[in-house]
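Trainee: Work out the full structure, taking the sequences as your base and the hints as a guide.
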Amino acid sequence: MLARPSTRRNFLRSGVQVVAGMGAFVSALKPLADFDVDTLGGVEGFLQKHYKEMSADDMKASLARIESDVKRRFDVDVVARDIKPVDGVEFVYALNLSRCVGCRKCVHACVQENNQSRSPEIQYIRVLEMPKGTLDIEKGNHHYDRPTVPDEDHFYMPIQCHQCDDPPCTKVCPVEATWTEPDGITVVDYDWCIGCRYCEAACPYWARRFNFAEPTIPKEELIAKKDAAEAKGEQLEVNYLSNRPRPVGVVEKCTFCLHRTREGKMPACLEVCPVGARKFGNILDSTSEVAQILKTKRVFVLKEELGTNPRFFYYFDERYPQDSSQKSFEGMPGMPEITRTHGASKGEPK
Amino acid sequence: MREYTRFLQRCFRLSFVGTKLYKFWMLFLSVVALIGLNAWAKQAVGGLATTGMTDQVSWGLYIANFTFLVGMAAAAVMLVIPVYVYKNKDLHDLVIFGELLAVAAVTMCLMFIMADMGRPDRGLHLFMRFNWPISVLTWDVIVLNGYLALNLHICGYLIWCAYNERKPGKAFYIPFVFLAIFWAFSIHTVTAFLYSGLGGRPFWNSAVLAPRFLASAFAAGPAFLVLTLLVINRFTKYDVPRAALQTLRGIITVALTINMFLLGCEVFTEFYTDSTHAASAHYLFEGLGGKHALVPWIWTAIALNTFALVVLYSPFKRRVVFYAPACGAMIVGIWIEKGMGLIVPGFIPTPLGEVFEYVPTLNETLVCFGIWAAGLLLFTILVRVTIPVLSGELTKNKLYSTDSFS
Chain A
0 MLARPSTRRN
10 FLRSGVQVVA
20 GMGAFVSALK
30 PLADFDVDTL
40 GGVEGFLQKH
50 YKEMSADDMK
60 ASLARIESDV
70 KRRFDVDVVA
80 RDIKPVDGVE
90 FVYALNLSRC
100 VGCRKCVHAC
110 VQENNQSRSP
120 EIQYIRVLEM
130 PKGTLDIEKG
140 NHHYDRPTVP
150 DEDHFYMPIQ
160 CHQCDDPPCT
170 KVCPVEATWT
180 EPDGITVVDY
190 DWCIGCRYCE
200 AACPYWARRF
210 NFAEPTIPKE
220 ELIAKKDAAE
230 AKGEQLEVNY
240 LSNRPRPVGV
250 VEKCTFCLHR
260 TREGKMPACL
270 EVCPVGARKF
280 GNILDSTSEV
290 AQILKTKRVF
300 VLKEELGTNP
310 RFFYYFDERY
320 PQDSSQKSFE
330 GMPGMPEITR
340 THGASKGEPK
Chain B
0 MREYTRFLQR
10 CFRLSFVGTK
20 LYKFWMLFLS
30 VVALIGLNAW
40 AKQAVGGLAT
50 TGMTDQVSWG
60 LYIANFTFLV
70 GMAAAAVMLV
80 IPVYVYKNKD
90 LHDLVIFGEL
100 LAVAAVTMCL
110 MFIMADMGRP
120 DRGLHLFMRF
130 NWPISVLTWD
140 VIVLNGYLAL
150 NLHICGYLIW
160 CAYNERKPGK
170 AFYIPFVFLA
180 IFWAFSIHTV
190 TAFLYSGLGG
200 RPFWNSAVLA
210 PRFLASAFAA
220 GPAFLVLTLL
230 VINRFTKYDV
240 PRAALQTLRG
250 IITVALTINM
260 FLLGCEVFTE
270 FYTDSTHAAS
280 AHYLFEGLGG
290 KHALVPWIWT
300 AIALNTFALV
310 VLYSPFKRRV
320 VFYAPACGAM
330 IVGIWIEKGM
340 GLIVPGFIPT
350 PLGEVFEYVP
360 TLNETLVCFG
370 IWAAGLLLFT
380 ILVRVTIPVL
390 SGELTKNKLY
400 STDSFS
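Taken in sequence, the protein lines are chains A and B. Oh and the first sequence: position 36 is 35 in numbering that gives the first Met the number 0, straight run, nothing missing. Oh and the second sequence: position 298 is 297 in numbering that gives the first Met the number 0, straight run, nothing missing.
Check each hint, because a few of them may be wrong.
Dumping the calculated SDA-like pairs for lysine to any residue here, alpha-carbon to alpha-carbon at most 25 angstroms [unchecked claim]:
# : chain 1 : residue 1 : chain 2 : residue 2
1 : A       : LYS83     : A       : ALA108
2 : B       : LYS41     : A       : PHE45
3 : A       : LYS302    : B       : GLY288
Keep in mind the hints are simulated off the structure, nothing from the lab.
Mentor: The structure is reproduced here in structure tokens:
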């Protein structure tokens with residue numbers, strides 16, 4: 000169609016150009032040769048439904064796939080489960096800042112329990128070393144490194160997911176891959192997350208983590224865990240919404256160890272705490288320890304002004320516990336109320 | 000239908016025809032695009048760990064470029080409004096170039112989003128559980144794709160009519176043009192809301208963000224069009240009316256002035272109040288906790304924009320030797336302001352007060368260059384094909400000769 004004559008020479012020349020172009024295109028894509036489709040979950044993973052849409056059979060198939068995936072990646076036999084929330088339970092965490100010594104045992108117990116990636120290492124809990132005299136977390140030191148803790152001039156403030164009642168993170172997810180469960184725990188469907196990281200940007204507590212690379216966990220650690228479980232007559236379990244090894248490219252977060260807590264155990268971070276700074280339980284049960292703490296201690300939440308309504312409370316031990324024997328003081332009146340009379344003529348107070 | 004495939008075929012063939020300079024430009028863009036594709040393939044294998052992004056700074060160059068390009072796309076209306084609302088005839092024939100830029104810019108936006116996603120293979124999940132209207136990101140998906148469709152329709156229809164030597168039927172495109180005007184404002188407003196709606200990020204949580212986005216977009220977008228038109232004027236037979244360049248200059252001057260004013264408003268509010276919320280602004284403008292990677296960037300941006308503004312208000316504005324560099328400076332300045340000056344510092348310090356810097360990796364940078372090259376390649380082809388069709392040199396009955404286009 001164009002004016003150039005269609006000679007044999009031109010034909011050959013454009014042929015060579017096309018071949019060269021295709022060749023360049025293919026060689027640009029060469030790194031994909033190392034691509035392991037299994038890391039993306041294969042065809043079954045691709046076709047899997049959203050967590051809330053899966054039937055019992057779908058879930059069974061998915062759990063079986065998780066088991067074989069763990070076997071393939073870490074050569075360990077595990078039992079995958081999907082533990083559901085319990086009716087009449089809403090979990091709440093309370094942390095005693097007077098007790099915490101900043102040893103970071105909780106940080107590492109959490110990584111162990113929840114099978115986070117070790118390289119790059121993902122930690123759900125950040126402990127801040129705070130100078131006394133402030134509660135402004137921007138003044139905290141994230142990277143304190145002391146042979147012994149605590150330091151006299153500081154107090155320590157561990158921060159993890161606050162399991163907000165009004166979470167900014169679930170709101171922003173474009174595909175509903177993250178939501179709050181009936182027991183108050185915000186979870187992520189690792190098989191649904193598209194990895195846009197909008198939730199990470201939205202979280203005011205920096206509680207979310209992203210798997211920038213395929214997570215790695217040393218096989219020996221998983222084998223040791225399995226042996227420990229078998230010594231107790233149990234199997235090594237992983238849970239769909241919490242501690243199963245994660246795929247690459249998805250977001251994850253603290254789940255209050257829901258695979259433990261939904262079966263009546265305490266979270267790993269609490270169990271390991273050497274000073275008993277961490278308290279956990281069901282706020283709907285008025286006899287629970289956390290219910291008592293919320294009733295009797297002067298608790299506070301971080302960044303209350305953002306309206307996120309966290310389920311994670313901090314408190315200091317009170318020097319003067321408020322009990323019935325406490326002396327009462329005479330109260331003084333407040334500001335007298337001013338009555339305004341709109342429309343009344345000036346200078347004639349009623 | 001058969002005629003249509005023939006049309007596409009001819010356009011495709013035509014995109015390979017041109018001067019030596021044109022071929023060199025196309026080859027250069029193709030090579031850069033392929034290098035970018037290669038870098039992206041490496042990222043697909045290694046995960047986003049191949050980028051400089053971290054849990055602290057979880058969005059980087061990709062989202063920064065995305066944000067800038069949404070603005071470029073929105074700016075197409077700055078040509079459309081004078082023509083269809085104020086009946087300015089000078090710009091009439093140029094509207095289509097603005098819309099072609101919109102098509103190319105939105106395409107680049109979508110590529111940047113694809114590059115940024117941890118799991119692009121799960122893109123279909125958007126169709127299966129779409130968190131609309133709660134998630135602002137779903138609004139962005141709708142408005143961006145809608146905008147792409149609108150502009151494709153408008154340009155495609157006008158070009159198709161010219162090719163068939165037919166007068167375009169007003170009912171088939173005028174309503175879409177007016178819809179596109181509102182739509183253009185929506186794409187950049189929604190993109191600003193992505194950031195300004197986050198209470199946990201005080202640096203972004205500002206009502207002035209959306210107006211700022213629009214003002215900077217309406218400066219940078221037309222500035223890019225001015226450069227495009229100057230190139231078209233210089234290298235093709237197509238004669239760009241001088242009045243068009245003047246109208247655009249007026250738009251750019253006003254938009255850039257408003258943009259600088261709004262930036263000043265932000266700076267005043269942050270620094271005069273000087274609450275802990277100003278930590279990101281401190282980091283950006285003067286460094287924080289001994290870290291100041293972004294300080295040279297933002298001051299460069301301010302210097303470039305000030306230079307552009309001075310030129311635009313001086314008598315030199317009428318001379319291309321000053322006007323063109325001013326446009327170039329402003330494009331770069333606004334690119335920095337929106338990327339290194341807005342997206343990145345929003346993450347520093349983190350919500351827990353950690354000052355953790357972001358340094359893009361080479362691989363990530365190559366992906367960005369690749370996407371830009373692919374976008375410019377698309378834009379060049381679109382413009383290359385459109386010019387002879389619009390000027391009536393290539394129609395269904397006219398064979399187009401290579402040497403009529405030099």
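Trainee: For every hint, state whether the structure bears it out.
Mentor: Verification of the hints:
Between LYS83(A) and ALA108(A) the alpha-carbon distance is near 23 angstroms, which keeps this suggested pair within the 25 angstroms criterion. Taken as a hint, the LYS41(B) and PHE45(A) pair is honoured in the structure, with Cα atoms around 22 angstroms apart against an allowance of 25 angstroms. At most 25 angstroms may separate the alpha-carbon atoms for a hinted pair to count; LYS302(A) and GLY288(B) meet this at roughly 22 angstroms.
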